[in-house]
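**Q** Sequence:
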Amino acid sequence: MRAELTVLAPLPAEEPVAPAVVSEEPVAEPVAEETAAEEPPPAARSARRPAARAAAPRLDGQQFFVGWAPKPAGERKVLDQLADAPTARAVRRLLLAGVKAEGPVHRDRLARLAAGAYGLTRVTEARRDALLGLLPAEVLVGDVVWPQGTAPADYTGFRRQISGADRPLEHVAPEEIGNAMVALCRAGAGVAQEELFLRTAEVFGYRRRTPSLAPLLERALGLVLASGRLVRTDDGALAAATTD
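Mapping of the sequence shown onto full-length UniProt numbering: position 197 corresponds to residue 197, and the numbering continues sequentially without gaps.
If you're looking for bench data, these hints aren't it; they were derived computationally from the structure.
Note that the coordinates shown come from a computational prediction; the quantities given were computed from them, not determined experimentally.
Ideal placement from N, C-alpha and C gives every residue a C-beta, glycine not left out.
A couple of the hints might just be wrong.
Stated by the list, open to error - Cβ pair distances, simulated, as ranges:
{"hint": "1", "residue 1": "G119", "residue 2": "A192", "range": "43 to 53 Å"}
{"hint": "2", "residue 1": "K77", "residue 2": "T156", "range": "37 to 47 Å"}
{"hint": "3", "residue 1": "R122", "residue 2": "Q193", "range": "30 to 40 Å"}
{"hint": "4", "residue 1": "A187", "residue 2": "G222", "range": "15 to 25 Å"}
{"hint": "5", "residue 1": "A85", "residue 2": "E138", "range": "20 to 30 Å"}
{"hint": "6", "residue 1": "D235", "residue 2": "R122", "range": "44 to 54 Å"}
{"hint": "7", "residue 1": "R207", "residue 2": "D154", "range": "24 to 34 Å"}
{"hint": "8", "residue 1": "A83", "residue 2": "G188", "range": "50 to 60 Å"}
{"hint": "9", "residue 1": "T242", "residue 2": "Q193", "range": "12 to 22 Å"}
{"hint": "10", "residue 1": "A241", "residue 2": "P57", "range": "17 to 27 Å"}
{"hint": "11", "residue 1": "E195", "residue 2": "Q63", "range": "16 to 26 Å"}
Go ahead and model the full structure; you've got the sequences and the hints to work with.
**A** Written out as structure tokens, the structure reads:
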């Protein structure tokens, strides 16, 4: 019996398999919240820029100053015709509107704003007096024009300003400056005079007290001391009278 041999055919040579080329895509790293990635922490932000100025606390009697801005009322030549009764009445109405909007108001400021409504940018003293002569005599007290029915001694309000450029302190009635001083002293338990002057200047938009402001502040302080609304304590500080 002959054994049968099974001859195995050789396997075909394996072709080398090229390794698969895997394009490596960058693996996305976890992205932090946008606000955390972009915004520096609060401490860093505050170190990078100066802190905002804290809002001043509202004081008793405080309002905010809103300047009078009259609309155009006519041509310049109108102001040369004040002897004409209808013209004088029209200009008087404009002036009284200014007093109602911004009074108490300094006479120079009122005349300048009213003349500006007629296209006049510069006002001489003679022009100012002619304009103010159209008003009832009792509303002009010193350099200040008061709303009708308002007596300077009865006025207790004052108007805070953002900037001294809005209304220079020399155009603020001394009574109004004094009212701010009284309110500041009410808010504190006694204020040194220099500190009071500085805070009062800030109320009217001044960041520091310049020498030119001193006479205006001293005059206002004299008024409220004379009226008894402010008193000096034993240590020289200023305080609001308990009856005020």
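**Q** Which hint numbers does the structure go against, in order from smallest to largest?
**A** Those not satisfied: there are none.
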